[in-house]
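Spelled out from the first residue to the last, the chains are:
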Amino acid sequence: MTAGFVPLYQRRVALAIKRPIALVSQLLTPVLWVLVVGPAFAAAFHGFARQVDFFTYIAIGQIVFILPFSAMFAGLVVITDRDIGILRELLVAPIRRATIPFSNIAAILTVATGQLVVILGLALVRGAQYHTAPGRLLVGLLAAALLSAGTYGLAEFLAYRITQPAIFGTLIPAIGATPYALCGAIYPLSALPPGVQQLAYVLPWTHAVALLRFGFMGGHASGLDQIWHMHSVWAMALLSLGVLVAFATATVWLALRTFSAATTR
Amino acid sequence: MLTAKVAAIAKPIVTDHLSKTYPGGVEAVRKLSIEVDEGEVFGLLGPNGAGKTTTLGVLTTLVRPTGGAAFVDGHDVVRDPFGARQSLGVVFQESVLDNEFTAAENMWLHARVWRVPDAAARIRSLLEAVGLAERAGDGVMTFSGGMRRRLEIARALLGSPRVLVLDEPTLGLDPVVRYELWQMVRELRSRQRLTVLVSTHYLEEAASVCDRVAIIDHGVVTAEGTPTRLVDELGHEVLEVQVDGDAAPVIDALRQIGRPIRTGSTVSAASREPVGTLTDRANTLGLPELGVTSMTVRPATLNDVFLHLNGVRP
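Top line first, the protein sequences correspond to chains A and B. For the first sequence, counting from 1, position 177 maps to 176 in numbering that gives the first Met the number 0; every step adds exactly one. For the second sequence, counting from 1, position 171 maps to 170 in numbering that gives the first Met the number 0; every step adds exactly one.
The following block holds chain B by itself, in its conformation from the complex (with noise of 0.2 angstroms):
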C-alpha cells in the first residue's frame, strides 16, 4: 500500500483527495484524485466554475488547499513548493508578459530568476522553436494574442520544467492560431519528453491533443480516461433531433435509445448500436409525429460525453 502510494507521488502530478473551500464556504474542489503519467498530456475539462482554475491554482502553488495533497515532480505543493515551482513551467489564461520589455527582455528575466544555466543559446532555440527569433528584439506591446501565448510557452519551457501547466492556452485566439499553437505543444513535449497539464473548453482540442482527460463538475471528477475510451462508453452514434414545441414526448420517446440531453431546442441520444441499425429505430418512435422537424445521426464525440455529464439534462 506504501510502496504504490510513493509509487504514486513519484508522478508528475498527483492529487490524492485534494480539497479546496474559499473562505465563504464556497468547495471548489471536493477531494479530487488524478495522477498524471511521465510524458502524457493530461486534459482536465468542465464548465465555468467546476474547479480547474482551482486545481490548476493548488498545483501551481497560487492556492493553498484545504484538505488532501497535491505533488508536482513528488513535491508536495504545501510542504515543498520551491521544489514544486523549481519542475513547473506554467501558461496562463491571461497573458502575463512585461509589455514595457521586448521578447528577450521577458525570456532574459525569466531565465535569470529560474537561474538557467547557458541562457542565451536556450533563449535563442526556445524562440527558434516558436517562430520568434525575428522578433526577439521587439517589444511584446507589438505582439498579437498568438505570438503572446508562443512566447510564454517558450518561457515556460526556459527552465527546462518537467510539467508544463496550460491554463485555457487557446483561449480568445483564432483557430489557425490554436491549431498551430497545439503542433507547436505537440513537437516540444515530444523532443522534451515533457509532461503537459492542460485546461481547455475546446473540446475537439482536448480529443486531439491530451492523452487522457479528466472531466470536473463541481469539485469532482465525474469521468476520467482516454478521449476515445469516453466516447466508446457513452456510445458510438448519436442521435440528434430538432423539436418544435413540447420537447417532453421526443425525450421519453428517445429514452428507449439511450439517456437524452437537452440544449435549447435540441435533443440529443448516443447510443452503442450501429449506425443503420439506430437509424431504423429511431424511425419507428414516430418522431415526426412529436414536433421534430429534423434528425441526424452522427459519430459521438467528446463534446457528447461533456453535455452528457455537465448538460443540462430534462
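Looking at chain A on its own, in the form it has when it is part of the complex (with noise of 0.2 angstroms):
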C-alpha cells in the first residue's frame, strides 16, 4: 500500500495549493461568519444558554460548513482526473490501485486540517474561548476528520457514479453545505421543528459539530445531551463518535468499491 503513497499525496495537496481561489472562496463564508455575523449574533442575541459563549459556540459550527464543502469539492478532481488527468496512468502504475483513493484521503485531511487551523485561530482572535482537555481535543479533532474523510468518500463515490462534472456540481453545495444548517452549526437542535429534529439526529454533522464543541468547549455547550439524552458526557460522547466511525467506514468503503468496479473492465 505504501510504494506510491507519498508522492501520489503530495501531488494532491498540491492541486490544492495550486487552486489558491478556490481554497480562499470555500473559506469565505465561514470566516465571515467568524469575523462578522457570529459576533454580532452574539451581540444581538446574547445566546440561548447563560453559561454557552454564543460566539465560540457559532464559530466552531463553521468548522461543519468548511469541512465537508471543502471534501465536496475536492471530488471534482477526480472526474478532471478520470476525464482529462492522469488517472488511467496511475492505473498502470506498479502500484497498488486502493493506494490513489487513500493518498487523496489523506490529501483533504491535510487541507482540512489547515482549514481548521484557520478557522479556530480567527476566532480565537476575535474573542472565541476554548475550554479544553487533551481527551476531549483528541475526540474533537477525530470527530473532524472522521467527517472530512467521510465526506470525501461519499463525493469520490458519487464522482465515479456520475459522468457529468456539471451534475457534480449542483452535488457541492447539497450535499456540502445544506446539512450545516441542519446540525445544530449555529443554534441548538431545540429550535428545529420536531420532524427535522429526528433528521438531524441521523445527520454525521450533527454528531461532527457537537463533539467538536464537546473538544474545544466542553459537554455543557456540545449539546451531546439533546442528541442521546443520557448521563454520562463520555458515553455520549463515544456513541457520537461511532457515529462518525460508522459514516466514514461505510462511505470510504463505498469509495473504493466504486473506484474498483469503474476502474477495471
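Don't take each hint at face value.
Have a look at the derived ranges for each label pair, beta carbon to beta carbon [stated by the list, open to error]:
{"#": "1", "chain 1": "A", "residue 1": "Arg-95", "chain 2": "B", "residue 2": "Ser-124", "range": "25 to 33 angstroms"}
{"#": "2", "chain 1": "B", "residue 1": "His-200", "chain 2": "A", "residue 2": "Ile-16", "range": "35 to 43 angstroms"}
{"#": "3", "chain 1": "A", "residue 1": "Arg-95", "chain 2": "B", "residue 2": "Gln-241", "range": "54 to 62 angstroms"}
{"#": "4", "chain 1": "A", "residue 1": "Val-35", "chain 2": "B", "residue 2": "Gly-136", "range": "23 to 31 angstroms"}
{"#": "5", "chain 1": "B", "residue 1": "Pro-46", "chain 2": "A", "residue 2": "Pro-19", "range": "43 to 51 angstroms"}
{"#": "6", "chain 1": "A", "residue 1": "Val-244", "chain 2": "B", "residue 2": "Thr-65", "range": "51 to 59 angstroms"}
{"#": "7", "chain 1": "A", "residue 1": "Leu-31", "chain 2": "B", "residue 2": "Tyr-178", "range": "56 to 64 angstroms"}
{"#": "8", "chain 1": "A", "residue 1": "Arg-18", "chain 2": "B", "residue 2": "Gly-171", "range": "26 to 34 angstroms"}
{"#": "9", "chain 1": "A", "residue 1": "Val-195", "chain 2": "B", "residue 2": "Met-140", "range": "42 to 50 angstroms"}
{"#": "10", "chain 1": "A", "residue 1": "Ile-161", "chain 2": "B", "residue 2": "Pro-116", "range": "34 to 42 angstroms"}
Here chain B is said to cover these stretches of chain A; the calculated rule only asks that three of the stretch's residues, wherever they fall, bring their Cβ under 8 angstroms from a Cβ of chain B [stated by the list, open to error]:
{"#": "11", "segment": "2-15"}
{"#": "12", "segment": "78-85"}
{"#": "13", "segment": "90-104"}
Worth flagging that the hints you see were computed from the coordinates, not collected in a lab. Cβ atoms here follow ideal geometry from the backbone N, Cα and C, with glycine treated the same way.
With the hints in hand, could you dock these two chains into one complex?
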C-alpha cells in the first residue's frame, strides 16, 4: 500500500495549493461568520444559555461547514483526473490501486487541518474562548477528521458514479452545505421543528459539531445530551464518535468499491 | 511442448487465445494469439471496434480478460499485474498529463511512483532526447499536441520499461509532427533495445515503422507478418478503376485479375502479375464499355492488404 502513496498524496496537496482561489473562496463564508456574523449574532441575541459563549459556539459550528464543503469540492478533481487527467497513467503504475483513493483521503485531511487551524485561529483572535482538555480535544479533532474523510468518501463515490461534472457541481452545495443548516451549527437542535430534529439526529454533521464543541468548549455546550438524553457525557461522546466512524467507514468502503468497479473493465 | 510454451512466455509480449467479452455479451477479442519478439516494433492494425484497444487494455492491466492468457515480459497480466506494469511504459490514445503541472513536475511524479533510480539525470536526458529540455519548467497546458505526445513518450520511458505500448500515438497530429515522432521512437528504440507494441490507423506509418503487424477484425487476427510479406501475399500491383454507374459488371470482370474490392466508386484488384502484363490484361477486359472512367496500375501497399481484409467486398 505504501508504494506510491507519498508522491500521490503530495500531488493532491499540491493541486489544492495550486488553486488558491478555490481554497480562499471556500473559506469565505465561514470566515465571514467567524469575523462578522458570529460576533453580531452574539451581541444581538446574547445566546440561548447563560453558561454558553454564543460566539465560540457559532465559530466552532463553522468547521462543519468548511470541512464537508471542501471535501465535496475535492470530488471535482476525481472527475478531472478520470476524464482528462492522469488517472489512467496511475492505473498502469506498479502500485496497489487502492493507494490512489487512500492518498486522496490523506491529502483531503491535510487540507482540512489547515482549514481547521484558520477557523479556530481567527475565532481566537476575534475573542473565542476555548476550554479544552487532551482527551476531549482528541475526540473533537477525530470527529473533524472522520467528517472530512466520510464526506470525501461520499464525494469520490459520487464522482465515479456521475459522468457529468455539471451534475456533480449541483451536489457540492446540496451535500456539502445543506446539512450545516440542520445540524445545530449556529443554533441548538431544540430550535428546530420536531420532524427536522429527528432528521438532524442521524446526520453525521450533528455528531461532528457536538463532538467539536465537546472538545473545545466542554460537555455543557456540546449539545450531546440533546441527541442522546444520557447522563454520562463521555458515553454520549463515544456513541457520537461511533456514528462518525460508521459514516466514514461506509462511505470510504463505497468509494473504494466504486473506484475498483470503475477502473477495472 | 511445455518448453516451447515457457520460451514463448519469456517473450516481451504474448497473448494465448486471449478473449474478452464485455458485460452485455459484446465479444471484443476472440481467442487472439500473438507473440512479439524482443526489440521488435509490432503493429496492431484494424478498423474501429476491431479489438485493438481492448487487447492493449488487457496487456496494460486496464481490462480483465474473460478467457485465454496474456503475458508482459513473462508476467501473467491477471496473476501478476504488478510485474507486468513494472515492465511497461504506456502512451495512451488521449493525452494523459497533469495539466496543472510543468513538464518536469509530470516527469517527477512518474519517476517517484515508478521509483526510478537517479531520476534527475534520467529526466534531464529523456527531456533532451525528445527536445523538451528547454521547456521543462513550462506548464503542459501551454504545450501543443506534438509536444504533449513527446513528453508522454519520454515519461513512459522513465522507468526503463522493457515494453513500450503506444495506442494511436499519432492520432490528431499533423504529418510533420507524426514523422518526427516516429523518428524519435526509432532512435529511442535502437538506443534502449525496446520492444514496441503500437496500434495505429495510419497504415503507411505502420509499414515504415513496424517490423511485423497483425491485422485484427472482430477480435481475431486476420493476417500477421512483416508488412512486405503481407503485401507480397496480396500481390505486387493493384489495378484500380473508377466506375460511373453500376459497378457489378466491372467487379465481375476484375475477378479475372484478382479478388476485387469496392470502396465508393472505386473498384480495385491486386495481382502478382508484373505491371506490363497487368495493364495488357486490363485492356482486354473491355472496361471502358462497362462504365470505367479511369484506370490506374500502381504498387500494392499495406493499405490494400488492410482494405482487402477489412474493406467492403462486393
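Comparing the hints with the structure gives:
Arg-95/A and Ser-124/B have their C-beta atoms about 30 angstroms apart, which keeps the hinted 25 to 33 angstroms range intact. For the pair His-200/B and Ile-16/A, the supplied restraint of 35 to 43 angstroms holds, since their beta-carbon distance comes to about 41 angstroms. Remark: the range hint 54 to 62 angstroms for Arg-95/A to Gln-241/B is upheld by a beta-carbon distance near 59 angstroms. The beta-carbon spacing between Val-35/A and Gly-136/B, approximately 42 angstroms, falls outside the hinted interval of 23 to 31 angstroms.
The hinted range of 43 to 51 angstroms is satisfied by Pro-46/B and Pro-19/A, whose Cβ atoms lie roughly 48 angstroms apart. Checked against the given bound of 51 to 59 angstroms, the beta carbons of Val-244/A and Thr-65/B, roughly 39 angstroms apart, lie outside it. Hint check: Leu-31/A to Tyr-178/B, Cβ distance near 58 angstroms, so the stated range 56 to 64 angstroms holds. One distance hint, 26 to 34 angstroms for the beta-carbon pair Arg-18/A and Gly-171/B, holds here, with the actual separation near 29 angstroms.
Separated by about 46 angstroms at the C-beta atoms, Val-195/A and Met-140/B satisfy the suggested range of 42 to 50 angstroms. In this structure the supplied range 34 to 42 angstroms holds for Ile-161/A paired with Pro-116/B, their Cβ-Cβ distance being about 41 angstroms. Look at the segment 2-15 of chain A against chain B: 8 of its residues bring a Cβ nearer than 8 angstroms to a Cβ of that chain, three or more, so the hint holds. Check on the segment 78-85 of chain A: 3 of its residues sit with their Cβ under 8 angstroms from a Cβ of chain B, so the three-residue criterion for coverage holds.
Residues of the segment 90-104 of chain A with a Cβ under 8 angstroms from some Cβ of chain B number 5, which satisfies the need for three, so the listed coverage holds.
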